[in-house]
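Line by line, the protein sequences are chains W and X. Just so you know, we're using my numbering here: the first sequence kicks off at 4 and counts up by one. Just so you know, we're using my numbering here: the second sequence kicks off at 2 and counts up by one.
There's no promise every hint is true.
Here are some, though not all, of the chain X residues that point toward chain W, as calculated from beta-carbon distances under 10 angstroms [as the list claims (entries may be wrong)]:
{"#": "1", "residue": "D14"}
{"#": "2", "residue": "H84"}
{"#": "3", "residue": "G87"}
Just a few of them, taken from the derived set where beta-carbon distance is under 10 angstroms, the chain W residues facing chain X [unchecked claim]:
{"#": "4", "residue": "M4"}
{"#": "5", "residue": "L7"}
{"#": "6", "residue": "A10"}
{"#": "7", "residue": "R13"}
{"#": "8", "residue": "E14"}
{"#": "9", "residue": "G28"}
{"#": "10", "residue": "Y46"}
{"#": "11", "residue": "R57"}
{"#": "12", "residue": "H62"}
{"#": "13", "residue": "R63"}
{"#": "14", "residue": "H64"}
{"#": "15", "residue": "D68"}
{"#": "16", "residue": "A78"}
{"#": "17", "residue": "F80"}
{"#": "18", "residue": "M83"}
{"#": "19", "residue": "T84"}
Once the Cα atoms are required to be at most 20 angstroms apart in a straight line, the calculated DMTMM-like pairs of lysine to aspartate or glutamate come out as [said to hold, decoys possible]:
{"#": "20", "chain 1": "W", "residue 1": "K18", "chain 2": "W", "residue 2": "D68"}
{"#": "21", "chain 1": "W", "residue 1": "K5", "chain 2": "W", "residue 2": "E34"}
{"#": "22", "chain 1": "W", "residue 1": "K18", "chain 2": "W", "residue 2": "E44"}
{"#": "23", "chain 1": "X", "residue 1": "K141", "chain 2": "W", "residue 2": "D54"}
{"#": "24", "chain 1": "W", "residue 1": "K18", "chain 2": "X", "residue 2": "E43"}
{"#": "25", "chain 1": "X", "residue 1": "K141", "chain 2": "X", "residue 2": "D28"}
Hints were generated in silico from the structure; no laboratory data involved. Yeah, the Cβ is synthetic: ideal placement off N, Cα and C, and Gly gets one too.
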Amino acid sequence: MKLLYFAWVRERVGKTEEQIDPPAGIATVSELMAWLARRDEQYAHAFESADVIRAAIDHRHVRPDAPIAGASEIAFFPPMTGG
Amino acid sequence: MTTLIRLQHQAFDVATEAARIAHGRTDIGALVTFTGICRADEDGEQITALTLEHYPGMAEAEIARHVEEACARWPLLGVTVIHRYGRILPGEVIVLVGTASSHREAAFAAASFLMDYLKTRAPFWKRVQTRTGTSWIDAKAIDEAAIERWAGKPPEREAAK
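The whole structure should be built from the sequences, with the hints applied where relevant.
So, in structure tokens, the structure goes:
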């Protein structure tokens with residue numbers, strides 16, 4: 004699946020997008036964030052306040068307990084400040 | 002019912018876009034427009050520019066979903082949402098929301114509803130540039146609280162039946 008990062012999440016991760024293949028057992032958005040945070044220091048920094056990071060699956064906002072099965076694009080970003 | 006949703010970097014003319022909504026129509030009795038403009042200060046600090054990052058594809062989809070929701074709640078005849086991204090200077094327009102209806106109540110309410118949702122649900126992020134550096138703007142609790150007033154409110158069209 005494709006991951007996208009925006010705003011300070013993007014800056015901390017150090018990339019705008021990437022393809023990943025999470026191991027079996029990573030079933031939800033929050034589990035995916037915890038798995039990403041264990042990758043290296045940059046990811047750990049990006050996801051250290053996982054409770055403030057928002058997620059979207061295939062262009063729709065989702066909650067942390069949303070299942071990731073079947074997702075083709077998952078985005079992580081800070082609370083939005085548009086308008 | 003005519004809808005126009007546009008995301009663009011280029012500046013646009015608010016009066017032209019507002020006039021377009023009611024042009025050639027005689028059923029519209031009320032047109033409300035909200036224009037969001039880039040201020041020169043953020044929390045008391047002078048800013049030199051604002052940069053808006055957005056999520057292409059989702060931004061359009063999310064705005065379209067809220068326009069659809071507004072149309073289900075109020076008897077609207079036209080809706081326009083234009084949101085800019087990229088570098089924007091103080092004094093420049095960032096966003097325009099225009100809502101048209103037969104009567105003013107629906108037009109006012111729908112414009113307010115759409116702005117409240119754009120602030121907290123449309124995937125845009127503002128970064129301010131000052132003389133000393135750049136920083137991301139934090140989401141404000143007051144914006145999050147603003148959308149709570151729309152929660153659970155039955156659509157007026159349904160309530161009227």
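Hint check results:
For X:D14, the interface hint is violated, the least distance from its beta-carbon to any beta-carbon of chain W being 20 angstroms, above 10 angstroms. Below 10 angstroms, beta-carbon pairs count as interface contacts, and X:H84 has one with chain W at about 7 angstroms; its hint therefore holds. Given the 10 angstroms rule on beta carbons, the hint for X:G87 is violated: about 13 angstroms separates it from the nearest Cβ of chain W. The criterion of a C-beta within 10 angstroms of any C-beta in chain X is not met by W:M4, whose closest approach is roughly 15 angstroms, and the hint is violated.
The beta carbon of W:L7 is positioned within 10 angstroms of a beta carbon in chain X (closest approach about 7 angstroms), and the interface hint is therefore held. The interface hint given for W:A10 holds, since its Cβ lies 4 angstroms from the closest Cβ of chain X, which is under the 10 angstroms cut-off. A distance limit of 10 angstroms between C-beta atoms decides the matter here; for W:R13 the minimum to chain X is near 8 angstroms, and the interface restraint holds. Satisfaction of the interface hint for W:E14 is found here, the shortest Cβ-Cβ separation to chain X being roughly 9 angstroms, below the 10 angstroms cut-off.
The closest approach between the C-beta of W:G28 and any C-beta of chain X is roughly 28 angstroms, which is over the 10 angstroms cut-off, so the hint fails. The interface hint given for W:Y46 is violated, since its Cβ lies 19 angstroms from the closest Cβ of chain X, which is over the 10 angstroms cut-off. Satisfaction of the interface hint for W:R57 is found here, the shortest Cβ-Cβ separation to chain X being roughly 9 angstroms, below the 10 angstroms cut-off. A distance limit of 10 angstroms between C-beta atoms decides the matter here; for W:H62 the minimum to chain X is near 4 angstroms, and the interface restraint holds.
For the restraint placing W:R63 at the interface with chain X, the shortest Cβ-Cβ distance is roughly 8 angstroms, inside the 10 angstroms limit, so the hint holds. A least Cβ separation of about 7 angstroms between W:H64 and chain X falls short of the 10 angstroms threshold, and the interface hint therefore holds. Because the smallest distance between the Cβ of W:D68 and any Cβ of chain X comes to about 19 angstroms, over 10 angstroms, the interface hint for this residue is violated. A cut of 10 angstroms between beta carbons decides the hint on W:A78: the least distance to chain X is about 6 angstroms, and the hint holds.
Interface restraint check for W:F80: the shortest CB-CB distance to chain X comes to about 7 angstroms, inside 10 angstroms, so the restraint holds. The interface hint given for W:M83 holds, since its Cβ lies 6 angstroms from the closest Cβ of chain X, which is under the 10 angstroms cut-off. Of the supplied interface hints, the one on W:T84 holds, with its beta-carbon coming within about 5 angstroms of a beta-carbon of chain X, less than 10 angstroms. About 25 angstroms separates the Cα atoms of W:K18 and W:D68, which puts this hinted pair outside 20 angstroms; it is violated.
Proposed proximity of W:K5 and W:E34 is supported: the alpha carbons are some 16 angstroms apart, at most 20 angstroms. For the hint linking W:K18 to W:E44, the alpha-carbon distance of about 14 angstroms falls within 20 angstroms, and the restraint holds. Between X:K141 and W:D54, the direct Cα distance comes to roughly 16 angstroms. Compliance with the 20 angstroms bound is thereby established for this hinted pair. Under the criterion of a C-alpha separation no larger than 20 angstroms, the hint pairing W:K18 with X:E43 is inconsistent with the structure, at around 28 angstroms.
A hinted pair counts as satisfied when its Cα atoms are at most 20 angstroms apart, and X:K141 with X:D28 does not qualify at roughly 38 angstroms.
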